[in-house]
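Please take these sequences and the hints and turn them into a complete structure.
2 protein chains.
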Amino acid sequence: MSHAASTTTPAQLFDKHHATLEAAVQAIHARGYWTPYPEMPSPKVYGETAQEDGRRAVEATFGQDFELDQPGRSGWMATERSPYGVELGVRYPVCDADALIAAAHAAMPGWQRIGAQGRAGVCLEILERINKRSFEIAHAVMLTTGQGWMMAFQAGGPHAQDRGLEAVAYAYREMKFVPHETVWEKPQGKNPPLKMKKHFEIVGRGVALVIGCGTFPTWNTYPGLFAALATGNPVIVKPHQNAILPAAITVRIAREVLAEAGLDPNLVTLAAFDKREATQALATHPAVKSIDFTGGNSFGQWLISNAKQAQVYAELAGVNNVVIESTDQYKAMLRNLAFTLCLYSGQMCTTTQAILVPAGGIATDQGHKSYDEVCADLAASIDKFLADPAVATAVLGAIQSPDTLARIAEAPEHGRVVLASRKIEHAEFPGAEVRSPVLLACDAADEKAYMEERFGPIAFIVKVADGAAAVALSERIVREHGALTVGIYSTRAEVVDAMTEASWHAGVALSINLTGGVFVNQSAGFSDYHGVGMNPAANASLSDSAFVANRFRVVQRRYHVE
Amino acid sequence: MSHAASTTTPAQLFDKHHATLEAAVQAIHARGYWTPYPEMPSPKVYGETAQEDGRRAVEATFGQDFELDQPGRSGWMATERSPYGVELGVRYPVCDADALIAAAHAAMPGWQRIGAQGRAGVCLEILERINKRSFEIAHAVMLTTGQGWMMAFQAGGPHAQDRGLEAVAYAYREMKFVPHETVWEKPQGKNPPLKMKKHFEIVGRGVALVIGCGTFPTWNTYPGLFAALATGNPVIVKPHQNAILPAAITVRIAREVLAEAGLDPNLVTLAAFDKREATQALATHPAVKSIDFTGGNSFGQWLISNAKQAQVYAELAGVNNVVIESTDQYKAMLRNLAFTLCLYSGQMCTTTQAILVPAGGIATDQGHKSYDEVCADLAASIDKFLADPAVATAVLGAIQSPDTLARIAEAPEHGRVVLASRKIEHAEFPGAEVRSPVLLACDAADEKAYMEERFGPIAFIVKVADGAAAVALSERIVREHGALTVGIYSTRAEVVDAMTEASWHAGVALSINLTGGVFVNQSAGFSDYHGVGMNPAANASLSDSAFVANRFRVVQRRYHVE
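Sequences listed follow chains A and B, in order. Numbering-wise, our numbering comes out as the position in the first sequence, counting from 1, plus 6. Numbering-wise, our numbering comes out as the position in the second sequence, counting from 1, plus 6.
Do not take every clue at face value.
Any copy will do: because identical chains look the same in the list, a pair fits if it lies in one copy or spans two.
Computed list of lysine-lysine pairs in DSBU-like fashion (alpha-carbon distance at most 30 Å, straight line) [said to hold, decoys possible]:
1) K201 <-> K337
2) K138 <-> K22
3) K454 <-> K429
4) K138 <-> K182
5) K203 <-> K192
6) K314 <-> K281
7) K337 <-> K429
8) K182 <-> K201
9) K281 <-> K390
10) K138 <-> K192
11) K337 <-> K192
12) K337 <-> K390
13) K22 <-> K50
14) K429 <-> K390
15) K196 <-> K138
16) K454 <-> K314
17) K337 <-> K203
18) K22 <-> K192
19) K337 <-> K196
20) K454 <-> K138
21) K50 <-> K138
22) K390 <-> K196
None of these hints come from the bench; they were simulated from the model. A quick note: this is a predicted structure, and the numbers were derived from the prediction, not measured.
What follows is the structure in structure tokens.
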């Protein structure tokens, strides 16, 4: 994985990646399907030995120091515990936060100087190198998060790279829009005009901190990392203490590219901390001007309340929900929902937690189905989907956190068990903690049960008065508790329209009658806005203009010219 | 001033103003000179009787109820005291904040429905009507703020309209960038592609509050008003209690245009409060999602700390400064600075307060000038400029606030008086409080004297060790106390370069060697960024993408299509 030492300038990197960048900017204009990073782990694309090379590269880090040559190193830490039961023992450098900040500051003027194009070129080179090492990163993501292999490759690799490139495209579009200079010439009637030359310099706001989560250490880290970097800011990446390796590989690649381009590698550093206090001290440092955070409400709200010197972009907990009012594809609907609930054992911020079903049942192409029938049929659909242990373990992955295991165990207290969770043995990883989803039935009045996030494979089928009540309840859940996704199943236009209006009022992305190969918990880069930024689950969106525009400023100077 | 009741739809208004809007969008791309609103108060442009009509329209409001037909009216208030000594006595409706918010909320869906084009069309129609009534608004601005007539016309009229249109152009550019809908078609190898239709709805964040200041009731209000309105939000305008009339006329025009376009006029309402508590209650209302504020640090910081439910765009106090290191146009430099200090008696947020001059004096085209000579020569230049009372009163205007009069009175405590302030009689307005600037000399070590904002015609000539120290001090002042403008006079490229770097680090707009008809305190719409948003004087800029991008969200919905 070593690279030739020949220096490539940022301007050359911009030329190299210009076509991809322009295509990405076109993609965010159109928001149709587009990607430069193939999502299929094909040997033809990634190389015949890529899978094996990636696995070996990760295994070579086990029990070793992961050297990054960062300033202020005071020691090493190894905190990762694999949900698959694999011994990792990778030791990461623990660096003094003040040293990282001082180094980041020192690196900033050179990063400003190369301008929007140079920065975009460097960012795209980093992303290209990351893409080439997708198997290595996928293996690191899988082992640290518990994701199944295919999800780890796709979501941890190309899809995460898409989100990084998308952020660069938004940033580049906004920066390119600012003219580098202009001549301002104001007529003065019969007198000569007033004439001034003006220069407009794009300046980053300051040190950016990106705090990752334990389940999607690249997908949720790359947008903030690349948005901040492209707009002129040095970035300190603070990964979740249980999912450091994917971030550490990413940081190492970024530092290599920066150094090769003649830039200061301390523009991107890794903050490996095992104590929350260390992260808190870093997050409230006066030099830190933006924080991207993905994680729980308690630390997220702490950041928003305490890191007042910084703009905080936060993705927090929510109660995603789906309304089932009626359907003309009952079986396909159940299959779609079953897959949604099983995928990575519901450990996605977009997974449905509450399914709202009228007490009187629903009209379907299979005839009327009572509330209890819907419950039983969804349970059966999940059971059927998980019948093959190889499919089950591939889709479910492993449970990332002991907290989630505890939530699964106590879930039956919160409703009538429609489908119990069971432990599934993993053929390849005997230590893997694999669990099937638990499905609970409860009444709309049991708000304590279903109206707080219960992260993991825990879903409620909530009995509501009727379709209108379901739509109203969905809106209230989103307003009060937040959501990244909602769904509606209905054959009636007026119900879909009402749900659409509710989604506008509450500010949440809506999926309508998903019965095929797209799932409510999937969000495609360059097309789907992930998070709206209007409800308690997230105050920002991946990606829109607001995600990048506030990360830089324009500093002007002007003087008379003849 | 009544308008025909014939309804013009938002779409028709968009067509009517489309060319102007496109030109405005071009202008923010180029940021050269451009305006659709002539700044000269010419009868040929504005009508032969426009000046007289405007004055009469304002005088007709004296002592009367200013009816706006707003909901929740509980009484009337008349709080304005003219710095020119004119009795105003205009009574404004005091409306219940909850009633204004409820009405704003009710008006929002219809405003969302007409889309970005419809909203832009309505905003441009409002601005056109405001422009036609520039004389009326100018008269209201002059009488309430103490501005001289020409400034009241230009800054209160066309220049303020420029800033409003500029905000609409930024908002429109960002909204237009979001596709209304798209088809996402993802290849599936040999299988048929996955195909989805997606719709993207632009939704305003919620009720916007725009809090005006006492000195520029239109120029500092229109950017927030039009940025928020164009992006889909209802706006409550809370003017300074001493400068309500210009805002009230504006709100009345906006409500007329909205009603004529078949929209709910409660999208724009006036909040006339005479108690800070009422504004505080409104600002912290959960429904208020953005606040634009221009004013002092104490209330501004209160808003930032307490109105956490809202995005706050704040322009606060600062210590604007100019470094004089050397010049090859000594007299022109002094004339330029003298005018800057005199214009509206220094009651501009952009007026220079601290002039940093090396202890050893400066090199000039008139030979070496000692520090004391620079002090004396600047004082003489001001004296000369104000020698003609007609010129003096026209440029100085009147002192807006008794607090400023008190600051002028106590200013001599803070330094050696180089030029004393004097009271000047106004030929037309015997009650006008007109004051010439006070110029003080002090040492760089006397930080308590010059390093806090002393709003009004109070300036310090600060003795610094040398040019390098002056540049460093300027940067520190901006970093610690904020500034909207800094200036440099130097014939040496390396000094200008050092000041340029300092302006990037501190985040402040720099004017270099101004000796002609442009002044450091002037900021031209569509070209100069007013405020950088990086130092304590302002957390936002007029206007850039960041000023508009966060005021709306994109809510998507998606479904399978064949």
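Hint-by-hint comparison with the structure:
1. K201 <-> K337: Answer is between: at 20 Å across copies they meet the 30 Å cutoff, but 71 Å inside does not.
2. K138 <-> K22: This pair counts as within: shortest intra-copy Cα distance 16 Å, inter-copy 53 Å.
3. K454 <-> K429: within (26 Å within a copy, 70 Å between copies)
4. K138 <-> K182: within (28 Å within a copy, 35 Å between copies)
5. K203 <-> K192: within (12 Å within a copy, 48 Å between copies)
6. K314 <-> K281: Close inside one copy (21 Å) and across copies (28 Å); limit 30 Å.
7. K337 <-> K429: within (26 Å within a copy, 87 Å between copies)
8. K182 <-> K201: within (24 Å within a copy, 32 Å between copies)
9. K281 <-> K390: neither (43 Å within a copy, 67 Å between copies)
10. K138 <-> K192: between (53 Å within a copy, 22 Å between copies)
11. K337 <-> K192: Between. Shortest inter-copy distance 24 Å satisfies the 30 Å Cα cut-off; intra-copy 69 Å does not.
12. K337 <-> K390: within (12 Å within a copy, 90 Å between copies)
13. K22 <-> K50: within (23 Å within a copy, 56 Å between copies)
14. K429 <-> K390: within (16 Å within a copy, 91 Å between copies)
15. K196 <-> K138: The answer is between: 25 Å across copies meets 30 Å, while 64 Å in one copy does not.
16. K454 <-> K314: between (32 Å within a copy, 27 Å between copies)
17. K337 <-> K203: between (67 Å within a copy, 22 Å between copies)
18. K22 <-> K192: between (40 Å within a copy, 27 Å between copies)
19. K337 <-> K196: between (80 Å within a copy, 24 Å between copies)
20. K454 <-> K138: Neither, since 47 Å and 59 Å both go past 30 Å.
21. K50 <-> K138: Intra 12 Å, inter 67 Å, cutoff 30 Å: intra-copy only.
22. K390 <-> K196: Between copies only: 26 Å across chains, 86 Å inside a chain, cut-off 30 Å.
Hint compliance for this structure: hints 9, 20 are broken, all remaining hints hold.
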